[in-house]
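Engineer: Okay, here's what each chain looks like letter by letter:
There are 2 protein chains.
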Amino acid sequence: MSFLDRIRSCNRWEPSDFVPFRLNGECVGHVRRSFAGHLERWPDIFGVTADEVTWVYPLEGFEERSRAMQEVLEGLVKSGLIGHLHGEQYPVTCGNRDQAHMLIDRACAPHFGVRAFGQHLNGFVRDGERLKMWIGRRSADRRVYPLHLDNLVAGGLPWGLSLRENLRKECREEADIPQDLADLARPVSAVTYCRDSTRGLKPDVIYCYDLELSSDFEPHCTDGEVESFHLWPVERVMETVQESDEFKLNCNLVIIDFLARHGYIAQDSPDYLQILQGLRSPLP
Amino acid sequence: MSFLDRIRSCNRWEPSDFVPFRLNGECVGHVRRSFAGHLERWPDIFGVTADEVTWVYPLEGFEERSRAMQEVLEGLVKSGLIGHLHGEQYPVTCGNRDQAHMLIDRACAPHFGVRAFGQHLNGFVRDGERLKMWIGRRSADRRVYPLHLDNLVAGGLPWGLSLRENLRKECREEADIPQDLADLARPVSAVTYCRDSTRGLKPDVIYCYDLELSSDFEPHCTDGEVESFHLWPVERVMETVQESDEFKLNCNLVIIDFLARHGYIAQDSPDYLQILQGLRSPLP
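Residue numbers (our numbering), protein chains in the order written: chain H, 22 to 305; chain D, 22 to 305.
Looking at chain H on its own, in the form it has when it is part of the complex (with noise of 0.2 angstroms):
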């Protein structure tokens, strides 16, 4: 599969399968339509039209409507609609984190087409002029991708920690990097995609790193998130990007953006402009 395909396959959704979910007229996400009617339920908190989920909730406060949003949530678990939450927040907005609106929990966040944020890092050992990559193998008991392959560390951005401060702590939980090496990751570039997924639309974020390590680097995953290591020449791992589909689908965005910036996608490809403003695809 070209990266292009790959890019491609993350950015799969059919607009006339959802609608825009506003508030203040402002689209802050959207919702399958047939999902939709489900809101109906709280008439107070949402109007439902054929067009648009609209929040009508009266209370105007970031406090207030985070809790009306986790009242609908934990309504929606009960009745079998939503199978589980995930604890941790993401923020509603269609901007940057700080423009948000209230809360929404992570698991919800594709529900209501609601744009997510994730850290994702390219770990990277020089050999000469050539460069390996670190590759994680996510471990088996993964609720999404078990035994996929996944970047050496990647996390979701949750509300109430800076980049900096999540990008250590997913460090030391996902690779055991101390936090003087993690603070050495450089902020290279973002990928943003919008994929159709089970639980509903996906337009996501992913802020990438580039943090080059010595050769007797070795990490160790100490939340039990990764089963295995893979230190992987360059080579390999496009090759593996190309012609498998081992790594998780984002994973490949990240992947292709770290080769890009690092000389191995040439230039005179049909594909070069195509796969370089298809990671940077425009969120609805």
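Just so you know, these hints were derived from the structure itself, not from any lab. Please note that a few of the clues may not be correct.
Said to hold, decoys possible - Facing chain D, from chain H, some residues (calculated, C-beta under 7 angstroms):
1. N117
2. G181
3. L182
4. L184
5. K190
6. R207
7. Y228
8. G284
9. Q288
10. D289
11. P291
12. L297
13. Q298
14. R301
15. P305
Stated by the list, open to error - Just a few of them, taken from the derived set where beta-carbon distance is under 7 angstroms, the chain D residues facing chain H:
16. N117
17. L184
18. Q298
Each residue gets a CB set at the ideal place from its N, CA and C atoms; glycine is no exception.
On the provided structure of chain H, position chain D as indicated by the hints.
Structural biologist: Positioned in the frame of chain H, the structure of chain D alone reads:
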């Protein structure tokens, strides 16, 4: 001026001022409404209506089309509607260079709103953890942007030369960089933008390169296009982009892309995603 404002300056054009320039149904460029009428002089080459300019020349070959276009351009220069020809040929394409339908003189690409391709090289030096960048000051006699600041190496990509060959040539001519050093330049990105210039529409693609140089390297201009070179701390380059109009317009984008890739633009800046997406604006 913020980075985002710089990007917007390179993406200013009013679609209603232009009509599509079509060939075999494909839109290969855009012609300013006020200029389109001049093409009626060649009714066997152009079909001109209020809504579009169509290439109607009956001979299908690449050479035949290129010859007909050249005849038109010479006619336009003779009647003073176009100032000069450059003598270097650009491909007429709405995709990549290898999908070209014919050639057009470089100086006239904007009159037909044809996609143009260039190459810019960031020459940088590591000073411990900090970076310095080589910056050129354009000669006083340059036709465009005299005495403005420029990337270490920057040039248009003429027809008939590969990316690698042209980069070697520009490196040699503009900065006296020998071929073995030029070949270490890494293809790391591309920026795209589209703006209304005096001559017409410029939907441009700039392929970007990073070349790490040792502290004892010193560039010399061999073709007279650059007056002087300066090695600046990256922070000074960044300030100059933000606070002055010293850089040639499109060099700002190449530098902003460099800054992002090297970790100099904060990911929690409110503009971060718009900056990244703006560097790869869709071309018409």
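Engineer: Now tell me if each hint is right for this structure.
Structural biologist: Going down the list of hints, with the structure as the test:
no. : hint : verdict
1   : N117 : holds (5 angstroms)
2   : G181 : violated (14 angstroms)
3   : L182 : violated (12 angstroms)
4   : L184 : holds (6 angstroms)
5   : K190 : violated (16 angstroms)
6   : R207 : holds (4 angstroms)
7   : Y228 : holds (5 angstroms)
8   : G284 : holds (4 angstroms)
9   : Q288 : holds (5 angstroms)
10  : D289 : holds (6 angstroms)
11  : P291 : holds (5 angstroms)
12  : L297 : holds (5 angstroms)
13  : Q298 : holds (5 angstroms)
14  : R301 : holds (5 angstroms)
15  : P305 : violated (14 angstroms)
16  : N117 : holds (5 angstroms)
17  : L184 : holds (6 angstroms)
18  : Q298 : holds (5 angstroms)
In summary, the structure is inconsistent with hints 2, 3, 5, 15 from the numbered list given earlier, while agreeing with the others.
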